[in-house]
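Chemist: The lines below spell out each chain.
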Amino acid sequence: MRRLLPPLITGILALILWELFVKLGRVAPFILPAPSAIGAQLAEQRGNVWDAALASGANALIGLIAGTVAAILAALAASRFTALGEVSVPFAALVNALPIIALAPVLNNMFESTSSIPRRLVTAIVVFFPVFLNTLRGLREIDPTHQELMRTYAASGWTFAVKVRLPGALSHLFTGLRQASSLAVIAAVVAEYFGGLQDGLGSRITSAAAFTAYPRAWAFVVGACLLGLTFYLVTLLLERLTMPWKRSLIS
Amino acid sequence: MSAVDISGVSKVFNTGTQALSDVDLTVGDGEFVSLIGPSGCGKSTLLRLIADLIEPSTGTVTVAGKPAGQARREQAYGLAFQQAGLFEWRTVRKNVELPLELRGIGKAERKARAEEMLTLVGLADFAGHYPGQLSGGMQQRVAIARALAVQPPLLLMDEPFGALDEMTRERLQSELLSICAKTGTSTVFVTHSISEAVFLSDRVVVMSARPGRITASIEVELPSRDDAGRQSPAFFDKITEVRKALRG
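Residue numbers (our numbering), protein chains in the order written: chain A, 23 to 273; chain B, 66 to 313.
Just so you know, not all the hints are guaranteed correct.
Claimed, not checked - According to the in silico footprint, chain B covers these stretches of chain A (three or more CB under 8 Å from chain B):
(1) 97-106
(2) 165-179
To be verified - In silico SDA-like links for lysine to any residue, alpha-carbon gap of 25 Å or less:
(3) LYS159(B) <-> GLN169(A)
(4) LYS45(A) <-> ALA235(A)
(5) LYS172(B) <-> ALA235(A)
(6) LYS159(B) <-> LYS45(A)
(7) LYS247(B) <-> GLU261(B)
(8) LYS172(B) <-> ILE94(A)
(9) LYS247(B) <-> GLY187(B)
(10) LYS268(A) <-> ILE94(A)
(11) LYS309(B) <-> ALA299(B)
(12) LYS159(B) <-> PRO189(A)
(13) LYS176(B) <-> ALA183(A)
(14) LYS172(B) <-> THR174(A)
(15) LYS247(B) <-> GLY95(B)
(16) LYS185(A) <-> ARG269(A)
(17) LYS159(B) <-> ARG262(A)
(18) LYS268(A) <-> GLN220(A)
(19) LYS159(B) <-> ALA235(A)
(20) LYS268(A) <-> ALA228(B)
(21) LYS159(B) <-> LEU188(A)
(22) LYS159(B) <-> ASN131(A)
(23) LYS131(B) <-> VAL215(B)
(24) LYS185(A) <-> LYS131(B)
(25) LYS159(B) <-> ALA177(A)
(26) LYS185(A) <-> GLN169(A)
(27) LYS159(B) <-> LEU263(A)
(28) LYS159(B) <-> VAL184(A)
Source of the hints: derived by calculation from the structure; they are not laboratory data. Glycine included, C-beta positions come from ideal geometry on N, C-alpha and C.
Make a model of the complete structure from these sequences and hints.
Modeler: In structure tokens:
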């Protein structure tokens, strides 16, 4: 509770200042709506926000899972075959530097307009790189003592990978996954700006803005924000459940 | 049959360094042998040759009458390093169980054997802890329990107490001796410390560097292997003898 209090108070103060700034400064609502107006819209539109968040959340989740599974398999392969690893890392870094979200319109043209696949594909690609790069780093950091021990146990390459490499790489994997979880929501929301099926938070934000209903647009932005936070917190929770030895270190 | 038989072994690394030159060494059944010498004398290399972690350039290494490679695959020895090398994601008991697991031993028997070994090193109460929650000395005891888990006839140890403080070190030395006596395990023990070598060993093998070779082999007889033994004149005489041999 003591750790939660300072950020909570800061947040509430910021909201009050924002409200005062808009009200007293007579800021036009199309430039910046007051938090009270956004809150009112959020309450009024809560059904719509919820439905849109579910749609975007499903896209983000499916993309996140697909991208993570692909990234872990790729990292295992890259750590197993040295040549593959040497080629893939600079390549991954280069592709990661591209604005992958910009692929959305291209992908939208490849599939039907009622298909959810383009958004999920964009999300999966965005997720892939942080997870791949971090997991690969973890897989490569092997304690030489562990390596010698497993040799004295006459352990096969597969046993070694499952019993030593993978659990040893878990904390790196989760570092990647924490980045990826927020990125997944951003990708799933923003991908809708470029067309495709319009049932998520992204399309609601653009259409509300197009109707100059700015407080409503902001209400959906708040929804997107909460969705991203949920993804991040669930990842944190998963991390603690998966690695009980870390938790016992802290306590 | 001797626990370890090394004859005519030389080791030249790919870099061209001659690590060992014409080494002969026999470790008897149930014997405790220490290898001591300055850094770079090849004592760790010799231990790794016995463990079949590296191969000799010339000569042969047999463990319990079998070639070193076969002995490794049959887990005919247990190994402990200076770093405990525990797996942080496994509980203490699961760490000790690992070598048994890889041998395909059933769950119930693994658990029983691990608990037996942990009792032996005095850590039965910590079976459910993670290594990160233990002190350095306790971690090293877990590593020893793990090395003993398959009940190997031979124990190989590379400065296992090197990173510990003097008090813990002396306690673990006594524990190790009583474990070896109880289980009848033969031991090859690499160390930097003269007093440690003398206190533990039936025989101290002194090595010298560049190229690594054996320069002396000193039998140690102590009236007792306990605190009284550490105070005995025989103990100090042997320390002087080993020190002289080290200076050549």
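Chemist: Are the hints correct? Go through all of them and say.
Modeler: Now the hints, each set against the structure:
no., hint, in the structure
1, 97-106, "violated (count 0)"
2, 165-179, "holds (count 10)"
3, LYS159(B) <-> GLN169(A), "holds, 18 Å"
4, LYS45(A) <-> ALA235(A), "holds, 18 Å"
5, LYS172(B) <-> ALA235(A), "violated, 65 Å"
6, LYS159(B) <-> LYS45(A), "violated, 63 Å"
7, LYS247(B) <-> GLU261(B), "holds, 20 Å"
8, LYS172(B) <-> ILE94(A), "violated, 30 Å"
9, LYS247(B) <-> GLY187(B), "holds, 14 Å"
10, LYS268(A) <-> ILE94(A), "holds, 21 Å"
11, LYS309(B) <-> ALA299(B), "holds, 15 Å"
12, LYS159(B) <-> PRO189(A), "holds, 14 Å"
13, LYS176(B) <-> ALA183(A), "holds, 23 Å"
14, LYS172(B) <-> THR174(A), "holds, 21 Å"
15, LYS247(B) <-> GLY95(B), "holds, 11 Å"
16, LYS185(A) <-> ARG269(A), "holds, 20 Å"
17, LYS159(B) <-> ARG262(A), "holds, 20 Å"
18, LYS268(A) <-> GLN220(A), "violated, 42 Å"
19, LYS159(B) <-> ALA235(A), "violated, 60 Å"
20, LYS268(A) <-> ALA228(B), "holds, 24 Å"
21, LYS159(B) <-> LEU188(A), "holds, 16 Å"
22, LYS159(B) <-> ASN131(A), "violated, 53 Å"
23, LYS131(B) <-> VAL215(B), "holds, 18 Å"
24, LYS185(A) <-> LYS131(B), "violated, 29 Å"
25, LYS159(B) <-> ALA177(A), "holds, 16 Å"
26, LYS185(A) <-> GLN169(A), "holds, 11 Å"
27, LYS159(B) <-> LEU263(A), "holds, 18 Å"
28, LYS159(B) <-> VAL184(A), "holds, 15 Å"
When the structure is compared with the earlier hints, violations turn up for hints 1, 5, 6, 8, 18, 19, 22, 24 and for no others.
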